Amino acid sequence: MNWSHLLVQFTPELAVLVTAVWVILSDLFLSRHPSGLWRQCFLGLAAATIGAAFLYQVPTPGVELPAIITRVLLVSPLTSSLKFVVLLLSTLAVVFSYRSFEETERHAGEYYSLILFSVLGGLLCISSQDLVLFFISFELLSLPLYMLCGFRRYNSASAEAGLKYFVNGALSSALMLYGISWIYGSLGSTHLPTLAANYAVVPSPPSGFLVGCLLVLSGLGFKVAVAPFHTWAPDVYSGAPPAVSTFLASAPKVTIVGFILRLFWQSLDGTGQFFNLPVDWVFLFTVLAAGSMFVGNLSALPQQDVRKIFAYSGIAQIGYIFLGLAACNNPHPQQSFSAVLFYTTVYGISNLGAWAVLAVLARGQERFDLDSLRGLHQRNPALAACLALCLMSLAGVPPLSGFMGKFYLFRAIYESGLPFLVVLGILNSVISLFYYFKVLKAAYFVEAEDGGTSFLQAPSAGPALPMVQQLAFQLCLWSNVVLGLWPAVIGEVERVASTITQGS
Amino acid sequence: MDFIWLVLALPLLGSLLCSTHYRALGKAATGMLASLAILGAFGAAAATWFRVHAAGSYTSQLATWLHIPGVSGVDVAALADPLSATMLCTVTGVAFLIHCFSMGYMSDEEDYGRFFASLNLFVATMVLLVMANNLALLLVGWGGVGYASYSLIGFYRQKPSAVSAARKAFLINVVGDVAMMFAIFIIGSRVGSLEFTSFLGPASLDRMSGETILAAGVCLMIAAYAKSAQLPLHTWLPDAMEGPTPVSALIHAATMVTAGVYLMVRCAPLFGHGPEGADLMVIMARLGAITALVAALCAVAQNDLKRILAYSTMSQLGYMFMAAGVGAYGAAIFHLVSHAFFKALLFLTAGVVIHALHGEQDIRKMGGLGKKMPGVQLAFLIGALALAGIPPLVGFWSKEAILLGTFQDGNMERQLLWGVGILTALLTAYYTGRAYVLTFWAPARHESELHLPGSSMTWPLAVLSMASVAAGLAGHELVSEVQSLATHLPVAETHETFGALQITAILAGLIGLGVAYSSHKTGRASLVPDSAVPVLLGCESIDSLSKGAAGSFRSFADMVAVKVDPVISQQAPDLIQRSLYGTSSLLCQLQGGSLRLYAVAVLASSTLLALFVYGLFSLSIGAGQ
Chain A
-12 MNWSHLLVQF TPELAVLVTA VWVILSDLFL SRHPSGLWRQ CFLGLAAATI
38 GAAFLYQVPT PGVELPAIIT RVLLVSPLTS SLKFVVLLLS TLAVVFSYRS
88 FEETERHAGE YYSLILFSVL GGLLCISSQD LVLFFISFEL LSLPLYMLCG
138 FRRYNSASAE AGLKYFVNGA LSSALMLYGI SWIYGSLGST HLPTLAANYA
188 VVPSPPSGFL VGCLLVLSGL GFKVAVAPFH TWAPDVYSGA PPAVSTFLAS
238 APKVTIVGFI LRLFWQSLDG TGQFFNLPVD WVFLFTVLAA GSMFVGNLSA
288 LPQQDVRKIF AYSGIAQIGY IFLGLAACNN PHPQQSFSAV LFYTTVYGIS
338 NLGAWAVLAV LARGQERFDL DSLRGLHQRN PALAACLALC LMSLAGVPPL
388 SGFMGKFYLF RAIYESGLPF LVVLGILNSV ISLFYYFKVL KAAYFVEAED
438 GGTSFLQAPS AGPALPMVQQ LAFQLCLWSN VVLGLWPAVI GEVERVASTI
488 TQGS
Chain B
91 MDFIWLVLAL PLLGSLLCST HYRALGKAAT GMLASLAILG AFGAAAATWF
141 RVHAAGSYTS QLATWLHIPG VSGVDVAALA DPLSATMLCT VTGVAFLIHC
191 FSMGYMSDEE DYGRFFASLN LFVATMVLLV MANNLALLLV GWGGVGYASY
241 SLIGFYRQKP SAVSAARKAF LINVVGDVAM MFAIFIIGSR VGSLEFTSFL
291 GPASLDRMSG ETILAAGVCL MIAAYAKSAQ LPLHTWLPDA MEGPTPVSAL
341 IHAATMVTAG VYLMVRCAPL FGHGPEGADL MVIMARLGAI TALVAALCAV
391 AQNDLKRILA YSTMSQLGYM FMAAGVGAYG AAIFHLVSHA FFKALLFLTA
441 GVVIHALHGE QDIRKMGGLG KKMPGVQLAF LIGALALAGI PPLVGFWSKE
491 AILLGTFQDG NMERQLLWGV GILTALLTAY YTGRAYVLTF WAPARHESEL
541 HLPGSSMTWP LAVLSMASVA AGLAGHELVS EVQSLATHLP VAETHETFGA
591 LQITAILAGL IGLGVAYSSH KTGRASLVPD SAVPVLLGCE SIDSLSKGAA
641 GSFRSFADMV AVKVDPVISQ QAPDLIQRSL YGTSSLLCQL QGGSLRLYAV
691 AVLASSTLLA LFVYGLFSLS IGAGQ
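Protein chains in written order, with my numbering: chain A, -12 to 491; chain B, 91 to 715.
No lab work stands behind these hints, which were simulated from the structure alone. Incorrect hints may have been included.
Computed from the model, here is a short list of chain A residues facing chain B with C-beta under 10 Å [claimed, not checked]:
| id | residue |
| --- | --- |
| 1 | V154 |
| 2 | L162 |
| 3 | P192 |
| 4 | P221 |
| 5 | V282 |
| 6 | N284 |
Sample of chain A residues at the chain B side, in silico, Cβ under 8 Å [what the hints assert, rightly or not]:
| id | residue |
| --- | --- |
| 7 | V198 |
| 8 | L202 |
| 9 | W219 |
| 10 | G478 |
| 11 | E481 |
Predicted model, so just to flag it, every value in this text is computed and none were measured. Positions of the beta carbon are idealized from the N, C-alpha and C atoms, including for glycine.
Same shape as in the complex, but just chain A (with noise of 0.2 Å):
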C-alpha cells in the first residue's frame, strides 16, 4: 500500500477538485476579478490535462493502490485516455468561455468552480467500479450542469432552459437509481467485478438484472440525448447560455459514451459480448441509434435557430455513436469499440469548436438565427474557417476527421455483419448534408449587411479575439485535419481499445 502512488495516480482529479475549491475561495475572500478567476480556472484544468496525458503516456504497471480505493475506482489505458479527452475538451470550453459573463452576470466566479465540480464528477464517473459512487459523480457531473443552464437568471430562456433540464434530468436520475436497485436486488452487489462474478454463476440470468440495466441505460441515454430521450436538448442547447452549451455539447458526451463501454462491454463482461442474455441487444441499440438519427436530421432541417441546429445535429450524432454501439456486440468487438471511442473523440472536438464560434459570437450579439452568420468569412476568417472545417467534419466530409471516424464506424458496423445499419448511417449521412451546409452558406456565401464592420467592433467584445481563443480555435481547426489524417492517432485508439475487454 503507497499513498504517493495513490496521489500520482489520481493527480488529475485531485487538481480539479483543488482548482475547484481554490477558485470558491479566492471568489469569496481574495478577488472577486473575473479574469483573474478564469486564469486560475484555466491553468489547474490545463494542469490537470498535462496530467492525464502523462498518465496516459507513462502508464505505471504494478503500482499497488490501497485497496480501499481499487475496490471504487479503476485504472486502466481506457479511463486514462478517456480523462484526457475529457478535460482537453473541458479546458478548451473554458477558454472558449472567457470573458462570456463578465459584464451581464454578478457571479462570474460561481461560473468556474461549477464547470470544474462538474467535470470532477465526469473524471470520477470514467473511473468508477461501483455503481453508488458512479451515481454519486454522475450527479456530481449533473448538478452544475442544470445550474450552468439557467446560469443567465434574469434571462428568461436561459432560466427555463435550467428548469427543464433539472426537472427531466431528476425523473432520470430517479430511473437510474431505480435501475441500480433493481440490479443490486437481482445480483446482490453493486460493485462491478462481483456483479460480473455473480452473474457468471447464476443458472439462468435474472430478469430484474435485465429491467436494471435497460433503466440505467435509459438515465444514461438521457444525459447524452439520445432518441426517445431527447426531447430536453433543443430547447436546453437553445436557452441555455452558448459557452454552456459549448461545454455542455462535448466534454459530458465523451464521459458517457466512455461509461456506457465500461459499464456493459468491460465490467459485466470479461468476453465483450454484451451479456449473454437471450435478448437482442443489437435491435435495442439499433432502435435507439435509428430513433436518434432520424430524429435529429429531420427536425434540424427546417430550424433557422443555429443553436437549434447544432442541438439536433448533436442528437444525430449521438445515433451514430449508438450504431457503433450496436456493433460492438458480437465476439471480436475491438474494431467497434476502436471505431466507437475514436468517432466520440473527433465528435466532441468537432462540436466543441463549432458551439464556441456562436460562444464568441454571441459577446458581440444576442441572435442565433441563421442570418446572424451572415458574411462571418468576411468578418472573422478563422472564426468562419473553424465553423466550416467543424461542421464539415460533422457531416463526414473527407478526408477530415469525421470522415475518417465515419469510415471507421461503418467499416466496423459492416463487419459485424450489419450491413443494414451502414445504409442507415450513410442515408442518415445525406440528409445532415442539407442543414450543415445551409449554415455555411450563411457564414461564406451571404455576404454581411453592413460590409463586416459589426461583429467584433462593439465596444463590449474588444478589438480582437484573446490570443488564447485565437490559439484554442487553430487547434479545433486543424484537429479536425489532423485527427483524420494523422495514423498514428487512430492506432492509439486501437491500443486503447484493445484493454478493454481484457478483465476488468
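Got chain A; can you put chain B on it based on the hints?
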C-alpha cells in the same frame, strides 16, 4: 527520425510558406526561400548518400500509417539505399539549379507565390515518391507529382492551350495512378506486404504465381509508361511544353518522367523472376527501342525548339526502358542521372534563348545568337554534344553503357535492339545538331532587340555544363552499385575495351552532327520534304486517336448534362427535400416545449423499452423451456 526526412520536409515547408506568406515576403525573398528549401533538401540528400555509402542501406520509419488486416508495411517509412540516395541527390540538386534559374526567368511574373509553391511541392512529391519504402506511400508521391505537374503545366491559366495541356497531362497520369493502384491491390492481396524489401524478396516472389507476376508487372509497367511518356501513353509530354520553361526543365530532367524508370529499376526483382517476368522484360525492351526511334523521328520533323527537346526526352527515356528491359539497370539509372544534367542544361539554355527572343520558340526564326551570347552558346553546345553522345561528355558514357548492355548477350534480338539504338543515336545527333546550328550558327532571321539574361540565369547553366562534362567519371561505380542492388547479384567485372561497338556509336553521332552542320549552316530550315512530315510525326496520330475517343465521351457527357442531369440533379433533390421537410415538420410539432410532455416522453419511453425487452426475454425463456 533521420535526416532523410528533411529532404521531404524542407520543400514541403517551403511550399507552405510560399503559398501563404508570399505577399509579406515579396518577390525576391519568395524565390530565395524556395531555392534555399531545395538547397537544404539537397544537403540532407547528400548527407543521406554519404551515410548509405559509409554504413549501408537502412530504413527509417516515421509512423505506422494504416492497419490493414493481412497487409503489412503500409507505413510512413523511407528506404535509403544507393538507388534512392542517388535519385534524391539528382532530383534535389538539379531542382535547386532550376529554382535559382527561375528566380531570374520568372521575375516578371505576378503570380510568383503560386509558382514557387507549386515548384517546391513538385520536388517534395517527387522526393516522397523516391524515398518511400512501400508502394502505398509511393503512390502518394506518384499522385502528388501528377497534381503538381498539372498545376505547373497549366500555370498560365488564362491561356486555353495551357489549361488543356495541363488537363491532358493530368488525365494520362491518372491512368498511371489507377494502374498503380491495381498493382497495389494485386501485390497486397497476393503477397500481404507492400514493402519493397519484403515483397521483392526471393521468398515472396517464389510464392507468387506466374499470373500474379504477370498482372502486377503489367500494372506497374502501365503506371511507369504513363508517368514516363512511353508509347502509347506519351501524348501529354510534348503538350506539357505549355508550362513555363523552368517547369519543362524540371519535368524532363529531375522530377517527373524519371519516376517510371525509377519504378522499373526498383521493382527489378519482380521482372527478373520466372518466365513471365522475362516475357515482360522483352516487351519492355522492344517498346523502349520503338519509343526511342519513333520519338527521334518526331523530333526530326519539329520546328519548335522546346518540342524538339521534349521528343528527345521521350526518346532518351526509351533508351532507359530498353536498358531496364535487357537487365542493364545500372546503365538505365546512369543514363537517367546524366540525362538529368544535360537535359536540364538544354532546357534552361532554350529558356534563355526564348527569353532573349521575347517568347519566340520556332527555330526557323532564330539564328545568329552565337555571336551575341557566346556563353549560352557554349552551354547549349555542351548539352547538345552530351545528348548526341560525343565523348568525353557524360551522355556518351551513359548511352554507351546502355548500348553495351544491350549487345552483350549476343542473341539476334539483342543485336537488332542495338541496331535500333545506333540508328536512334544517329537521328539524335542530327536533330540536336540541327537545333543548335539553326539557333546559334546560321544567319539571323529575326530583327528584335535581344533580352539578355542576368547572372541568376547563367550561373546554373555553368554548373550544369560542368556536371555534363565531368559526371561521366562517377558512372562506372554507379552502374555496378545499382546493378547489384537491382539484381541481388554481384556485378561481374567487365572489361572496358574501346572496341568496334564504341567506334560505331561515336561514328553515328559524328555523322548525324556532320549532316546537320552541312545542311543547315546556311539557315535552311529542314531536310525533310513537307510531304514526309506527317509520316515522321506518326506517333502524334495516337494523339488524334485519343482526341477522338475523348470527343465521343465528351458528346456523351454533354448529352447527359443537358438531358439527364436536370432530372437527377434538380427534380430528384427537390422531391427528396420536400418529403424530408414534410416528415420533419411532423417531428417538430412533437417538440412543443412543454416540460410535462417531455417528462412523460422520458417515462413512457423507458417503460416501453423495459416492457419490450422484458417481453422478448420472457418469450425466449418460454421458448427455451
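Consistency of the hints with the structure:
Annotation: V154 of chain A was flagged as interfacial toward chain B, and the flag holds, the nearest CB pair being 6 Å apart, inside 10 Å. At a threshold of 10 Å, the smallest CB-CB gap from L162 of chain A to chain B is about 6 Å, leaving the interface hint in force. The beta carbon of P192 of chain A is positioned within 10 Å of a beta carbon in chain B (closest approach about 8 Å), and the interface hint is therefore held. Contact between P221 of chain A and chain B, as hinted, is supported at the beta carbon level, the nearest pair being about 6 Å apart and thus within 10 Å.
Hint status for V282 of chain A: holds, given a least beta-carbon distance of 6 Å to chain B, under 10 Å. Because the smallest distance between the Cβ of N284 of chain A and any Cβ of chain B comes to about 8 Å, under 10 Å, the interface hint for this residue holds. The restraint placing V198 of chain A at the interface with chain B holds, with a minimum CB-CB distance near 5 Å, inside the 8 Å limit. For L202 of chain A, the interface hint holds, since its Cβ comes within 8 Å of a Cβ in chain B; the closest pair sits about 6 Å apart.
The interface hint given for W219 of chain A is met, as the beta carbon of that residue sits about 6 Å from the closest beta carbon of chain B, less than 8 Å. Hint status for G478 of chain A: holds, given a least beta-carbon distance of 5 Å to chain B, under 8 Å. Evaluation of the E481 of chain A hint against chain B yields a held restraint, the C-beta minimum of about 7 Å falling below 8 Å.
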